[in-house]
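> Note that the protein sequences, when read in sequence, are chains R and D. Anchor point for the first sequence: position 278 equals 278 in the numbering used here, and the numbering is continuous, going up by one each time. Anchor point for the second sequence: position 304 equals 304 in the numbering used here, and the numbering is continuous, going up by one each time.
Think of the hints as simulated: they come from the structure by calculation, not from any bench. Check the hints yourself; a few may be wrong.
If several chains are the same, the list does not tell them apart, and a pair holds so long as it fits within one copy or across any two.
Claimed, not checked - List of simulated lysine to any residue pairs, SDA-like, C-alpha gap at most 20 Å:
hint, residue 1, residue 2
1, Lys-196, Glu-228
2, Lys-142, Leu-164
3, Lys-205, Ser-92
4, Lys-260, His-302
Number of protein chains: 2
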Amino acid sequence: MQLVVAGTMALDTIETPFGRAERIVGGAATYIALAASRFVQPVGVVSIIGHDYPAEMQAELERRGVDLTGVVRHLTRPSFFWAGRYHADMQSRDTLDTQLNVLEEFPDTVPSGYRGARFLLLGNLDPRLQKRIYEQMQPRPKVVLLDTMNYWITGARGPLEDILSEVDILSINDEEARQLAGDYSLRRCARSILAKGPRYLLIKKGENGALLFSQEGETYFFPAYPLEDVFDPTGAGDTFAGALMGYIAQQGHLNLEVLKEAIVQGTVLASLCVERFGPEALLHADEKEIAQRREALIRMSHFIRVPA
Amino acid sequence: MQLVVAGTMALDTIETPFGRAERIVGGAATYIALAASRFVQPVGVVSIIGHDYPAEMQAELERRGVDLTGVVRHLTRPSFFWAGRYHADMQSRDTLDTQLNVLEEFPDTVPSGYRGARFLLLGNLDPRLQKRIYEQMQPRPKVVLLDTMNYWITGARGPLEDILSEVDILSINDEEARQLAGDYSLRRCARSILAKGPRYLLIKKGENGALLFSQEGETYFFPAYPLEDVFDPTGAGDTFAGALMGYIAQQGHLNLEVLKEAIVQGTVLASLCVERFGPEALLHADEKEIAQRREALIRMSHFIRVPA
Chain R
1 MQLVVAGTMA LDTIETPFGR AERIVGGAAT YIALAASRFV QPVGVVSIIG HDYPAEMQAE
61 LERRGVDLTG VVRHLTRPSF FWAGRYHADM QSRDTLDTQL NVLEEFPDTV PSGYRGARFL
121 LLGNLDPRLQ KRIYEQMQPR PKVVLLDTMN YWITGARGPL EDILSEVDIL SINDEEARQL
181 AGDYSLRRCA RSILAKGPRY LLIKKGENGA LLFSQEGETY FFPAYPLEDV FDPTGAGDTF
241 AGALMGYIAQ QGHLNLEVLK EAIVQGTVLA SLCVERFGPE ALLHADEKEI AQRREALIRM
301 SHFIRVPA
Chain D
1 MQLVVAGTMA LDTIETPFGR AERIVGGAAT YIALAASRFV QPVGVVSIIG HDYPAEMQAE
61 LERRGVDLTG VVRHLTRPSF FWAGRYHADM QSRDTLDTQL NVLEEFPDTV PSGYRGARFL
121 LLGNLDPRLQ KRIYEQMQPR PKVVLLDTMN YWITGARGPL EDILSEVDIL SINDEEARQL
181 AGDYSLRRCA RSILAKGPRY LLIKKGENGA LLFSQEGETY FFPAYPLEDV FDPTGAGDTF
241 AGALMGYIAQ QGHLNLEVLK EAIVQGTVLA SLCVERFGPE ALLHADEKEI AQRREALIRM
301 SHFIRVPA
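For reference, chain R alone in the conformation it holds in the complex (with noise of 0.2 Å):
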């Protein structure tokens, strides 16, 4: 297994000032696992799905190269929902509906053939799973991802700062790093949380791109891809962690200038899943589109010419 990755599966109902979306496909280890296995194959997946999550995408994420063993598969309760509805701005949002469903009983056992992987992507889940599932990889892989949200920096934040110790980079956004650093300043933020562990922080900004912080005292910025229309964003920060970390895991190390590029693959992405509904853009990505945004992006960012 090339990497792990641990997260929800889900059907989402989803209400944009475009239009509205019933009971699709979902999740973050769906958006992870649908951007990450466009760099490596296999892909293992650890979650839990219900009777109603579709046939086709399983077959669908199978065919891609993502691995569903370590996916439980309950007959009778259905999956984990989500409903939602975004405001104009396309930031902000109202959860509508949260129904756990199988969520309650997500597997805390990794299967034996992804235990050897040696990239691992710890999904948004509770911390204390997290850390469980964590240490069911031999040998420590060589790079974990982690994301969480407020509701585990509020209600679980020993367990969280637990693994957080443990992991490489920690990918979140900034109120989340707000929230955690208990601070205004982004850098005040990057300098606190980076002493709890992680080598390098990322705090995404939505459409005012991403921050990249490393323990070395390192900052680099990365702007959004800039869309004319954001028509869905769930799944935006999944995907972009997703190919962040299928980057790394086809490179096979973890330094600096790969996981800038690493971003920089995981921003396009995002930049394509945000522009259809649900994870349908991530099924259809064009590599030259792909390829064309890179440039772009990188070009409107290097604005002075670097002296040799």
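Dock chain D against chain R, hints included.
Showing chain D alone in chain R's frame:
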């Protein structure tokens, strides 16, 4: 005259989470002139002050090569006064008090010694007044930069669009761009605003940096310099515009390469400005610190080595 600046000169009372400053010197033209005169002298100012605008600041401006021939000094009325309180995020603010005072008698005559200047910065004022000032310049300046605000976008759209058709660079914030274009996507806003006349559109996004759009369809991202603490954001946008236009005037011409470096200079000087109350930091800006921040800003943005 190298550069002519039209804008308010004021007294401000500022409250931030870090403290309070009472009736300190402010106003767009004060910040612009202090920033621009680092690059070129003389800088001629068209403005009006009351009896309470400190004589020491007038002397300081003149010492720095700022020509105050175009500043009407009212002997009996007080200066334009603004009081505001910044929220904890240091981006949003409440206006607590606005007293127009002498601003009602803002001069619409440009001194004859100013009229041949090749560079003109029209600070945020009634667009009809901006137009009258513009029309007195003979010959038409090589480069005209315009700033405006929501008040004029909603209340004087016709006159604003009239002067907009004459300018080279429009410098506004993201909220103003959205209001002016009546759209949410900044990329689409840029296209429709550039169709109104400006060759270049600069959209300022506070701590999220700035975007540059050109009529030729080019886009560039500029991060803000990442500060540990923002102490007082007052005047940041004016400092940015002043340094930017000062740099352009120093170069003597405008093209994309000049403008990109001008934006970097503006970004760096604005980052210094917000670390102290009012324009104080501009009076003590250190060339070495400016050079270091410039280098850091470029390094942090040029995240990928561009293939030759």
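> Tell me, in ascending order, the numbers of any earlier hints that this structure violates.
Hint check: nothing fails, all pass.
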